[in-house]
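Asker: Residue numbers (numbering that gives the first Met the number 0), protein chains in the order written: chain A, 0 to 283; chain B, 0 to 806.
There could be a bad hint or two in this list.
[Unchecked claim] Here are the simulated DSBU-like pairs of lysine-lysine, each with C-alpha atoms no more than 35 Å apart in a straight line: (1) B:779 x A:186; (2) B:191 x B:165; (3) B:462 x A:277.
Calculated directly from the structure, the hints in this document are not laboratory data.
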Amino acid sequence: MIPSAFKFYKPNSIEKAVSIMKDFGDEARVIAGGHSLIPVMKQRLTDIKHLIDLSAIKELKGINISGKSISIGAMTTQVELITNENLFKSAPVIREASLQIADPQVRNLGTIGGNVANGDPANDMPGLMQLLDATYKLSGTNGVREVKAREFYEAAYFTAREDDEILISISFDAPIGGYAYEKQKRKIGDYATAAAGVILNVDKGVCSSASIALTNLSDTPVYCYEAVGLLTGKKIDDNLLSQVTKSCVEQSDPVADQRGPVEFKKYVAGVVINKALKRAFERS
Amino acid sequence: MDDVKTPSSEERKSALSGLGTSRKRVEDARFTQGKGNYVDDIKLKGMLFGDFVRSPVAHAKIKKIDTTAALALPGVHAVLTAADLEPLGLHWMPTLAGDKQMVLADGKVLFQGQEVAFVVGDDRYAVSDGVALVEVEYDELPVVTDPFKAEMENAPVLREDIADQKEGAHGPRRHPNHIFTWESGDKEGTNKVLDEAEVVADEMVYYHRTHPCPLETCGCVASMDKVNGKLTVWGTFQAPHAVRTVASLISSIPEHNIRIISPDIGGGFGNKVGVYPGYVCAIVASIVTGVPIKWVEDRMDNLMATAFARDYWMHGKISATKEGKITGLWCHTTADHGAFDACADPTKFPAGFMNICTGSYDIPVAYLAVDGVYTNKAPGGVAYRCSFRVTEASYFIERMIEVLALKLGMDSAELRSKNFIKKEQFPYTSALGWEYDSGDYHKAWDKALEAVNYKKLREDQAKQLELFKSGKSRKLIGIGLSHFTEIVGAGPVKNCDILGLGMFDACEIRIHPTGSAIARLGTISQGQGHATTFAQILASEIGIPASDITLEEGDTDTAPYGLGTYGSRSTPVAGAATAMAGRKIRAKAQMIAAYLLEVHDDDLEWDVDRFVVKGAPDKFKTMKEIAFASYNQAIPGVEPGLEAVSYYDPPNMTYPNGAYICVMEIDVDTGVSEIKKVYALDDCGTRINPMIIEGQVHGGLTEALAISMGQEIAYDEQGNVMTGTLMDFFVPTAWETPNYETDFTETPSPHHPIGAKGVGESPNVGGVSAFSNAVHDAFKPFGLTQAHMPHDHWRVWKIAKDLGLHN
Chain A
0 MIPSAFKFYK PNSIEKAVSI MKDFGDEARV IAGGHSLIPV MKQRLTDIKH
50 LIDLSAIKEL KGINISGKSI SIGAMTTQVE LITNENLFKS APVIREASLQ
100 IADPQVRNLG TIGGNVANGD PANDMPGLMQ LLDATYKLSG TNGVREVKAR
150 EFYEAAYFTA REDDEILISI SFDAPIGGYA YEKQKRKIGD YATAAAGVIL
200 NVDKGVCSSA SIALTNLSDT PVYCYEAVGL LTGKKIDDNL LSQVTKSCVE
250 QSDPVADQRG PVEFKKYVAG VVINKALKRA FERS
Chain B
0 MDDVKTPSSE ERKSALSGLG TSRKRVEDAR FTQGKGNYVD DIKLKGMLFG
50 DFVRSPVAHA KIKKIDTTAA LALPGVHAVL TAADLEPLGL HWMPTLAGDK
100 QMVLADGKVL FQGQEVAFVV GDDRYAVSDG VALVEVEYDE LPVVTDPFKA
150 EMENAPVLRE DIADQKEGAH GPRRHPNHIF TWESGDKEGT NKVLDEAEVV
200 ADEMVYYHRT HPCPLETCGC VASMDKVNGK LTVWGTFQAP HAVRTVASLI
250 SSIPEHNIRI ISPDIGGGFG NKVGVYPGYV CAIVASIVTG VPIKWVEDRM
300 DNLMATAFAR DYWMHGKISA TKEGKITGLW CHTTADHGAF DACADPTKFP
350 AGFMNICTGS YDIPVAYLAV DGVYTNKAPG GVAYRCSFRV TEASYFIERM
400 IEVLALKLGM DSAELRSKNF IKKEQFPYTS ALGWEYDSGD YHKAWDKALE
450 AVNYKKLRED QAKQLELFKS GKSRKLIGIG LSHFTEIVGA GPVKNCDILG
500 LGMFDACEIR IHPTGSAIAR LGTISQGQGH ATTFAQILAS EIGIPASDIT
550 LEEGDTDTAP YGLGTYGSRS TPVAGAATAM AGRKIRAKAQ MIAAYLLEVH
600 DDDLEWDVDR FVVKGAPDKF KTMKEIAFAS YNQAIPGVEP GLEAVSYYDP
650 PNMTYPNGAY ICVMEIDVDT GVSEIKKVYA LDDCGTRINP MIIEGQVHGG
700 LTEALAISMG QEIAYDEQGN VMTGTLMDFF VPTAWETPNY ETDFTETPSP
750 HHPIGAKGVG ESPNVGGVSA FSNAVHDAFK PFGLTQAHMP HDHWRVWKIA
800 KDLGLHN
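For reference, chain A alone in the conformation it holds in the complex (with noise of 0.2 Å):
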């Protein structure tokens, strides 16, 4: 459990940050909360000869709410993002996702930044920002880019990210509506079984948006279109919840592991996104 050798970089500003991960290629890897990424290095699963350490960045820190849009700086850690009352009030759901995620010590220095941009299909943050269609801004040698959160991740551990790209922040707008994040697991620190969260705009027992995303049921974070078009515009009831879960199911895509197989992760999946519809309908 001990990692090869590399060089380890601290620079304090997204420029230098970049330009060495320019000049390695993709021999380089940032590290942020390195909860994901130490792991695979002391096992040897992945050999990075340059790892830059992003925490000496000052911008890529903090919570910016103006109005109802929202900006999370890369480096902020769950725990700040648990504790900020005003994102609190913005986007409820993020405390609700977050303080489901790993325990209170990995939650202090894991960031929003390395859990969406590892693209590990069981990191909680990709599905949430994909719940929230949230905006991922990403600073390269070719200057800044935006990419939406439904279209970042391609496979597991493969993002629309570039080698010499760098996560700096994640914007979305405050969802409006009643919402949830529902996740089973085995216990504490542990990936999901199976998590859903769902934003429901509801008027009159009317649906009039929705937003459905699956956490850890396929090899990415997995978007519910079909589930939210039989939402859109329909009396909720009962009935109509439970053909949107089996839209959902049929979306997903997982592998069996020690968690269990195939068959007993789609049961569950049912099982905890019926359970955030109606959480979510709930407080619409």
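Please arrange chain B on chain A, whose structure you already have, making use of the hints.
Answerer: Using the frame of chain A, we list chain B on its own:
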């Protein structure tokens, strides 16, 4: 007499903090401040580090090991392979079970994670780089992971070294992958009873493979001093003296030139009883390099390669009359031992004390057979927080009781009560030959049922079942009952030895001139609190306050010979030795007091901390006064000083027992369970320190919870370990741990000097059955008879699915 009031006997007794006192643990001051001294804290001048190249595959021939690149790496000093150890005869080593085990892969590997080469370098970093550069060519062979396929005609032969041996350490072998058949009891008599019985329940009960997973992994520092020829090894050893003897026998270093030291140990739970290749390689490397060598496992090494626990497939048949009187018990166990038989059992018991499987019940006739087989898995089979195979035995009988109750249509609490060994039957000889020393099972059982309000629990459960059946809830309630009898304190030298070393234990006491003392024992604490509790035993025996007694264990150069700490043997054996040594001190003190008081020995009586002249309470000598006198007076016929040593060979084992009840709520759709209540009543005989007992029970219950609800060492069909990290190997945190209610009855052991029986392992033995039975009980109304552990979410979900409870 002056006016100062002499403290009463009660006041003086209280000042001793002796037996029965919830004395605070003296160990905690250093542990809670991070001042413990564990193996990995030991740093010696010039020390190098060693680590293993491990096999990535479960079964393969080794075609080639190329160490060139590793040796060329700066900071790497040596790479040992089997070829280097062979001239010393150390490429294989004997196991505690009479088998032998490769130290480093000798031509083939037999399990994933097996030690192939040992790289020695400046530090962990250099060594890790060196390990990565050792090139090993494997020629993969077919893999056996299913113990029931191990003995098939065309099964791949795992142990080619002994393929032709028809006789093993425990009798005839019928197949190259067969290790032993061990039988106990009356086969014919049992079959006859089963054939003629009114009711027979027949079930396969699997106790899955798991791992003790102590917080501190295994490791050692070996230091060969070439000037004086002395080898010192600091290590995570639960039995330091046995390690010294074994090390001497296999290395030919004279035993007086070997010093084994167990420093603070961060939990053992059986994982640190055996001898591992890491110890041997560190010692050889120290001899080769002339400098100290440290080897410390990481967590993955520990879970993959050091001793596992359980893995018993127990096929049972239990017979009874229609009224529920048990008439016979039959059990055939298939024991998956992995690649080498490295079980840590007393020599004559290759399946440990599995023949305690008649449990707490008066069963007239019984038969047990255990077949051990080799598979491509890590070796081990240690007693994980239990005496040898006792949790397996207890789980087996407690499941068989439940399946019998189902068959009889009887409440299993009543069935237990109907068949308990009665108080007046003790000492009771079981059908499988053990003499149970004492117990009052009915008293404990009735107290437990009353404490949890069993009747009300069943009513609440029935109400919840109605809600479930009417579609108003998706949750079921299960009530898990368990009554266990352990067999601990191995043990009498007449039938208990390890590698020929009798399983006695020892205590040596020296009283200092000013009346304080040091006591040394052959055991070694791994968190049990020996320094606290053994001082309490002594305080009560010799009248010196526990706080004035230093306890020392773990250094073979200073401690008397003993067989170490596992199988709840410390209190039953070393605790007895402590009391007996204390009594020798007191006997000599009595002679000294008689001389000082100018009376005959027989004219004195012991009063808490002093000898008093009978009928003259003003005339006495305190232990403190006697201690000083022993150093400064010339007493005719009495040697100076006040010391004693006792080597205690217990006349029998002790039989702790208890009644555990768990209430669990289960969501049939998600498989998630929530524990609503855990009640644990223990009878460990005389209670030395109630607070430590409570702590032991909490810890043992938490391990039982882990094992029953999720913890396992799982392999896929290729023999890959699927649970090699704490991501998948379940260790509960405070979050997953429920509230525990503890209780007790106190039935002292009649043969133990202070009546104590041992308690550290009871909660694991009783707990697993209670948790597992709760899961089974929840699904009982739908026809579930047996579902194997661990009861993690998906397996519980699968029970519900198979019973048709999902839409």
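Asker: Now tell me if each hint is right for this structure.
Answerer: Status of the hints after comparison with the structure:
Proposed proximity of residue 779 (chain B) and residue 186 (chain A) is supported: the alpha carbons are some 26 Å apart, at most 35 Å. Proximity of residue 191 (chain B) to residue 165 (chain B) is assessed by CA-CA distance (about 31 Å); at most 35 Å being required, the pair is judged to hold. Our distance criterion of 35 Å between C-alpha atoms is met by residue 462 (chain B) and residue 277 (chain A), whose separation comes to about 26 Å.
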